[in-house]
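Asks: Given the coordinates of chain U, assemble chain D onto it according to the supplied hints.
So the protein lines, in turn, are chains U and D.
Note that the first sequence covers residues 1 to 302 in my numbering.
Note that the second sequence covers residues 1 to 782 in my numbering.
These aren't lab readings, by the way, just hints derived from the structure by calculation.
The reader is advised that the hints may include incorrect statements.
[Said to hold, decoys possible] Restricting the straight-line Cα-Cα distance to at most 27 Å, the calculated cross-link-like pairs of lysine-lysine (DSS-like) are:
| id | chain 1 | residue 1 | chain 2 | residue 2 |
| --- | --- | --- | --- | --- |
| 1 | D | LYS229 | D | LYS239 |
| 2 | D | LYS164 | D | LYS132 |
| 3 | D | LYS229 | D | LYS674 |
| 4 | D | LYS213 | U | LYS250 |
| 5 | U | LYS250 | D | LYS60 |
| 6 | D | LYS350 | D | LYS651 |
| 7 | U | LYS262 | D | LYS60 |
| 8 | D | LYS671 | D | LYS213 |
| 9 | D | LYS674 | D | LYS213 |
[Stated by the list, open to error] These stretches of chain U come out as covered by chain D in the derived footprint (C-beta under 8 Å, 3 or more residues):
| id | region |
| --- | --- |
| 10 | 84-97 |
| 11 | 228-240 |
| 12 | 243-256 |
Virtual Cβ for every residue (Gly too), placed ideally from N, Cα, C.
Spelled out from the first residue to the last, the chains are:
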Amino acid sequence: MEDSRQYLDPEVLNKLTGLELQARLIVEGYVSGLHKSPYHGFSVEFAEHREYVPGDDLRYVDWKVFGKTDRYYLKQYEEETNFACHLLLDTSESMQYRSEGAAVSKLDYARYVAASLAYLITQQQDAVGLTTFDSEITNFLQPSSQPSHLKRLLHLMEEAPAQGETSLGSIFHSVAERTKQRGLVIIISDLFDDLETLLLGLKHLKHCRHDVSLLQVIDPAEQDFPFDEPTLFHGLEISADQMVDPRSLKDAYHREFDGFLKEVRSHCRNLQMEYTLLRTDMPLDVALASYLNSRMHRNSRI
Amino acid sequence: MIDDRLHILAFGFASPWLLWGLAAASIPVLIHLLHKRQYKETSWAAMQFLLNAARRQSRKLRIQQLLLLAVRMLIVLLLAVALARPYVENLGAYFQTDVPVHRVIILDASFSMGFMEGTQSRFDQAKDIARKILDSAKQSDAMNLMRIAGSAPYLIIRQPAYQKSQVIQELDELELTDERGDVLATLQQALELVQETPDLARKEVYILSDFQKENWLADSPARQGAVRKLLEQISAVAKLRLISQGQGASSNTSMTSFKIAEPLAIVGQPIHFLVSIQYQGEIPLANQTVELFINGRLAQTTQVDLAPNSEAQANFSYTLNAPGEFQVEARLQEDQLSLDDRRWLSLPAKDRLRVLLVNGVTSGRELDAATAYLDLALSPRLSPSDATGLIQPRVINEGDFISTDLTQYDCLFLCNIGRLTSQEVEILTAYVRGGGGLVVCLGDQVDLENYNRTLYQEGQGLLPVKIESRVDRSSDNASGFAFDSAIIEHPIMEPFLGNPNAGLESVEKNSYFKTSFPEDSTARVVLKFENGDPAIIDSDAGQGRVLVLTTAVDRSWGNWAIWPSFPPVMNECVFHVVSGRWPERQKLVGEELVRPFSVGVSEMPVMVFRPDQRSEPQQVMNSENENTIVYSNTDRAGIYEMEFGLPLNRKELFAVNVDPRESLLECMDEKELKSSLFSSVDMSYRTQFRDSGQTSLGPVSSRDGLTRWLLYLVMGFIFVEQVLAWRFSFGVIALGLLVAIGLVASLVSSGQQWAILLIGLMAAGLILGWFQQGREKRTSKR
Chain U
1 MEDSRQYLDP EVLNKLTGLE LQARLIVEGY VSGLHKSPYH GFSVEFAEHR EYVPGDDLRY
61 VDWKVFGKTD RYYLKQYEEE TNFACHLLLD TSESMQYRSE GAAVSKLDYA RYVAASLAYL
121 ITQQQDAVGL TTFDSEITNF LQPSSQPSHL KRLLHLMEEA PAQGETSLGS IFHSVAERTK
181 QRGLVIIISD LFDDLETLLL GLKHLKHCRH DVSLLQVIDP AEQDFPFDEP TLFHGLEISA
241 DQMVDPRSLK DAYHREFDGF LKEVRSHCRN LQMEYTLLRT DMPLDVALAS YLNSRMHRNS
301 RI
Chain D
1 MIDDRLHILA FGFASPWLLW GLAAASIPVL IHLLHKRQYK ETSWAAMQFL LNAARRQSRK
61 LRIQQLLLLA VRMLIVLLLA VALARPYVEN LGAYFQTDVP VHRVIILDAS FSMGFMEGTQ
121 SRFDQAKDIA RKILDSAKQS DAMNLMRIAG SAPYLIIRQP AYQKSQVIQE LDELELTDER
181 GDVLATLQQA LELVQETPDL ARKEVYILSD FQKENWLADS PARQGAVRKL LEQISAVAKL
241 RLISQGQGAS SNTSMTSFKI AEPLAIVGQP IHFLVSIQYQ GEIPLANQTV ELFINGRLAQ
301 TTQVDLAPNS EAQANFSYTL NAPGEFQVEA RLQEDQLSLD DRRWLSLPAK DRLRVLLVNG
361 VTSGRELDAA TAYLDLALSP RLSPSDATGL IQPRVINEGD FISTDLTQYD CLFLCNIGRL
421 TSQEVEILTA YVRGGGGLVV CLGDQVDLEN YNRTLYQEGQ GLLPVKIESR VDRSSDNASG
481 FAFDSAIIEH PIMEPFLGNP NAGLESVEKN SYFKTSFPED STARVVLKFE NGDPAIIDSD
541 AGQGRVLVLT TAVDRSWGNW AIWPSFPPVM NECVFHVVSG RWPERQKLVG EELVRPFSVG
601 VSEMPVMVFR PDQRSEPQQV MNSENENTIV YSNTDRAGIY EMEFGLPLNR KELFAVNVDP
661 RESLLECMDE KELKSSLFSS VDMSYRTQFR DSGQTSLGPV SSRDGLTRWL LYLVMGFIFV
721 EQVLAWRFSF GVIALGLLVA IGLVASLVSS GQQWAILLIG LMAAGLILGW FQQGREKRTS
781 KR
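Next comes chain U alone, as it looks inside the complex:
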């Protein structure tokens, strides 16, 4: 459906109201672009081959093996466990930022992503919970796979105000304490915080044997730094004003910012955590795909 694909553009999405609608549209749009339906197992883990017995579902025949051996074998998957996903949404003030070239603020974009992920997870009858935070946890919803829970979740996302400072490290520690069972933790934030505390928090989560994914949402301007006239920058969370001539500062800024991204990425790799960089000018299906596909690749490698 071509119609639905247009809603993957954040700009167009922005014109709609209602996160539920938006989430649905995103997912549908995403899905329509997929060849395979994602509904069959979110975390699909291939276990082994089983010899075909007449009456089995033909969908699971591994045709490659047939091609090689001329015998029918079925792909068997791990039993889908009852897995819970915790969505951690950063609602601090830095997420408010929207540059001139971007259609939505980082927070709005994060909302879309979070909403669509929640939608997807609920569709496959898995549990999803939400934590919104800034310098401390502002809202906490335990994971549940009930559709009504989804509604509540989406509503919460919509209403969460953007304020306060980011303080990721301590948040993660709190989350780690609150969640009992091992599950999937998806962190959606710009990660603009002290790297040391962030790392400690992540390690704590890892220690609790969670499967952690980081979706870093940044504004294109933050990465590109497209300013060339003397500009006075007002800090959003840090109350500092800096007057710069961006042209002379550009290289140095790039060094700083790209260095930061690189560090985050390398730490994630070390901790074997999923990391995806999302820019608010990315179409949402690309955003979702980049995360989910990389996840699938990762999983299949294991």
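Replies: Showing chain D alone in chain U's frame:
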């Protein structure tokens, strides 16, 4: 009404094309407006990265800020310096200031500069250099010309002249003098000159001289100190530039004196001419000719050998046949400095000397007269018609004295005159001061009091001594008063020198007068008695001479009058007293010729004929007792002829010679100058004059200068500052361009092409940098 408006608008600009600058004044406004518009504000989430980056950039920023500050400071500095109207020499005509230079050229015109080097004299060389200096002067420069000479004028051009042609004309007309250089006087006037023109701030004093030791390290340490002080004072307001002509070896022969051995030139008797020669040089000269010219005709030649750096003498002996005024010249072989190779002598030759004897004792018997023996001693004869001697005495009595015309007589003897009236003394004084000779012989008639009052006058009168008491031979003194056997060296006593037993010691006198000398007396004792009292006293009075004989010249007080030593002494007295007038005929260049007269010649026409063929009429100057002719224009060496009209109708010759001191050609070199005169004075020393930096390409207006160049720079820097503040990288490019343009402009005007190549390379580098920057900009936009 329209007229009024035009009147109000009646002003203009000297350089209207510069009004484009007004348009440039709007550029900062534009930049300011643009600058303001670009200033944006935005909120920003990734502040920590920005801050970190800014901190890292702060060092770069600080450098940028410093550069901006430096440019701003430079603007103010350059403006201040430009307003001070600086000037730098030797940097090319483009940088010459528009402040006019006051150039004072001092040329040494003393006769040592007549030394020939090749075909040109040092003076001509100096004139050439002076011309070069004048040529190098700009239109706005003021010029003065001065000379070092022995007499005024020292300032040739009184006021600073702006017309080069006028100065060059004066320079061309400047002639070498025969004078010795008076450095002190010239420097004094030079100091006054530079001090009285303070509005001409930049002064240069050029001294073109041979820097002869004789002129510059003059006479006494006091004078040298005065010269040094003057130089210090001059250098305080002006730059001293010495250009020395005294380079190269200078050997010189010169005549230092020319005189005769005898006191007087007497017709029929051999006259011995003595020529003193000085030779400064390393090579011995042999057989140098010396010539004697009498009245212009060659009379005799002789030859002399000159050893290096020595003195020699050449002698001539000549007898004149007729009386009159003779001009005698001695000439050396000509060398590189010819002015000092000849000297003149004015020689009045006499065939007879007329002597007036005034008798104070009248008596019936001839031989009792006071003058009797004196008469015979001076002109020995048996009868009046036998008188053939040189001396022609005439005897008059005391009473006839007043009515006698004294000018006819070469000298006077007063013999035993009792007293003198004041009128008689006046006549005598005029006569003596006019050059006449007086011999006062005392005797028993002499009234002490009268003589002291009228003749001595407390040392102001004719008499050189005060007459004290009369001393008589005492009864127990057997031999009387004898003369001292130790002969005093004096022209009168010359015959007796080395000639004992000539009848002098055996003279016995019975009486004489004691005399006393005043405090600062210049009189000389010619003959003494054995007891030390003077018998004959000699002194100068004005142009004449006075002799005093303290004892009688007749037989009243002893036998001397008939003793063999009497005639020679009397004759010598005559010669000595008469020759008093003669040295006044020989003068040095610059000295006055003075000819006094005793009797009324106030209306007499006088003409002076100079050695350069010019003639000048003179006036007789009249004062109470004297008539005098003074001629001061003795600037050339040679014979000057004074022609007297009625009533005298006579010609007299004067010889004017160069000062022999100027012939000492030893010159000071730079080291000696520095150590002696310029030890605390800044000066530049050269032997040539070189133009400094006249290689301007193209017309340079005389009002251009370093100031203008600096002001252009200031304008450029202001522009650069604006651009720097607006956008730093553009500003740096603008700065680079400004520096490049400045360097190109300065080097083009001073003609150094190699630097233009460098500028080209710099420009190429700048352009490359620009492209590089552009490329970076393009790649940074993703």
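Asks: So, for every hint listed, does it hold in this structure?
Replies: Each hint tested on the structure:
no.: 1; hint: D:LYS229 - D:LYS239; in the structure: 15 Å, holds
no.: 2; hint: D:LYS164 - D:LYS132; in the structure: 12 Å, holds
no.: 3; hint: D:LYS229 - D:LYS674; in the structure: 14 Å, holds
no.: 4; hint: D:LYS213 - U:LYS250; in the structure: 80 Å, violated
no.: 5; hint: U:LYS250 - D:LYS60; in the structure: 13 Å, holds
no.: 6; hint: D:LYS350 - D:LYS651; in the structure: 14 Å, holds
no.: 7; hint: U:LYS262 - D:LYS60; in the structure: 25 Å, holds
no.: 8; hint: D:LYS671 - D:LYS213; in the structure: 13 Å, holds
no.: 9; hint: D:LYS674 - D:LYS213; in the structure: 13 Å, holds
no.: 10; hint: 84-97; in the structure: holds (count 5)
no.: 11; hint: 228-240; in the structure: holds (count 11)
no.: 12; hint: 243-256; in the structure: holds (count 10)
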